[in-house]
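Q: Sequence:
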Amino acid sequence: MKRIVGVALAIFLSCAFASAQPLRHSHEGRFYVGAQLGPMLNIYENYFSYKENGKTLGLITYQAGLVGGYDVNDIFGLRISASFAKNAGACNTRDTAAHGFYPYSFSSVNIFTDAILDIHGLSDLYSFWRIKLYGGLGLGHTFHMTESNHPWQDVTDPNTVFGFRFGGIVEYNITDHFGLFADICGEAYTDKYNGLMPSAEEQANNYEGYGGFPLDLRGLISIGALYRF
6 MKRIVGVALA IFLSCAFASA QPLRHSHEGR FYVGAQLGPM LNIYENYFSY KENGKTLGLI
66 TYQAGLVGGY DVNDIFGLRI SASFAKNAGA CNTRDTAAHG FYPYSFSSVN IFTDAILDIH
126 GLSDLYSFWR IKLYGGLGLG HTFHMTESNH PWQDVTDPNT VFGFRFGGIV EYNITDHFGL
186 FADICGEAYT DKYNGLMPSA EEQANNYEGY GGFPLDLRGL ISIGALYRF
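For the sequence shown, the numbering used here gives the first residue as 6, with consecutive numbering after it.
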């Protein structure tokens with residue numbers, strides 16, 4: 006028994022010692038490219054009507070994108086991303102006589118520039134794992150709005166608006182060049198990203214979804230792969 010415990014302890018200490026060693030070279034001054042894909046949650050005007058009509062899962066769609074970045078050093082980096090997504094919206098529900106459900110879908114292309122802070126880079130150790138935080142500014146272009154069959158509300162098509170976002174990245178470097186990552190992000194766009202901007206009358210009613218909140222929101226989770234040159 007003592008021998009088994011001793012071997013197990015030796016293996017544990019070896020793994021712990023190895024995990025604390027410089028497993029990867031510095032990423033300073035290196036470019037990388039990558040691709041990512043994942044689901045997202047759409048939160049625009051009238052999002053609540055999906056739940057009220059038993060269609061909550063309809064708010065979950067998908068997005069795919071390409072990224073390119075540069076590690077200025079092991080703490081700070083820059084990234085540019087371009088993505089394509091299918092989105093889910095709905096027209097006015099509570100200001101109609103029928104109080105009906107008027108869903109529609111639309112496509113989007115979004116471009117962001119992000120500033121990235123590498124939390125792990127603040128230490129002197131380089132490991133397989135890296136945890137990063139980021140914030141970015143960008144543009145969102147939406148188009149191909151489908152028909153909602155709403156009796157009076159119009160959806161504008163196309164639309165180009167400003168956006169900003171904040172998120173976090175967990176990166177695992179399999180080799181010094183190839184890695185995998187998970188990206189969690191919250192995005193906000195100026196109104197009309199989804200083709201709707203509540204009127205002053207709608208906002209004055211103070212119904213849920215019509216309070217004049219000036220942003221269209223999306224929450225995203227994606228996984229991806231990258232290659233570092």
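A portion of the hints provided could be inaccurate.
Said to hold, decoys possible - List time: in silico DSBU-like cross-link candidates among lysine-lysine, alpha-carbon distance up to 30 Å:
1. 91 <-> 197
2. 56 <-> 91
3. 197 <-> 60
4. 197 <-> 56
5. 91 <-> 60
Just so you know, the hints here were simulated from the structure itself, not pulled from any lab data.
Since we're looking at a predicted model, the values are computed, not measured.
Q: Each hint: holds or not?
A: Status of the hints after comparison with the structure:
no., hint, verdict
1, 91 <-> 197, "16 Å, holds"
2, 56 <-> 91, "19 Å, holds"
3, 197 <-> 60, "23 Å, holds"
4, 197 <-> 56, "22 Å, holds"
5, 91 <-> 60, "16 Å, holds"
Hint check: no violations occur; every hint is consistent with the structure.
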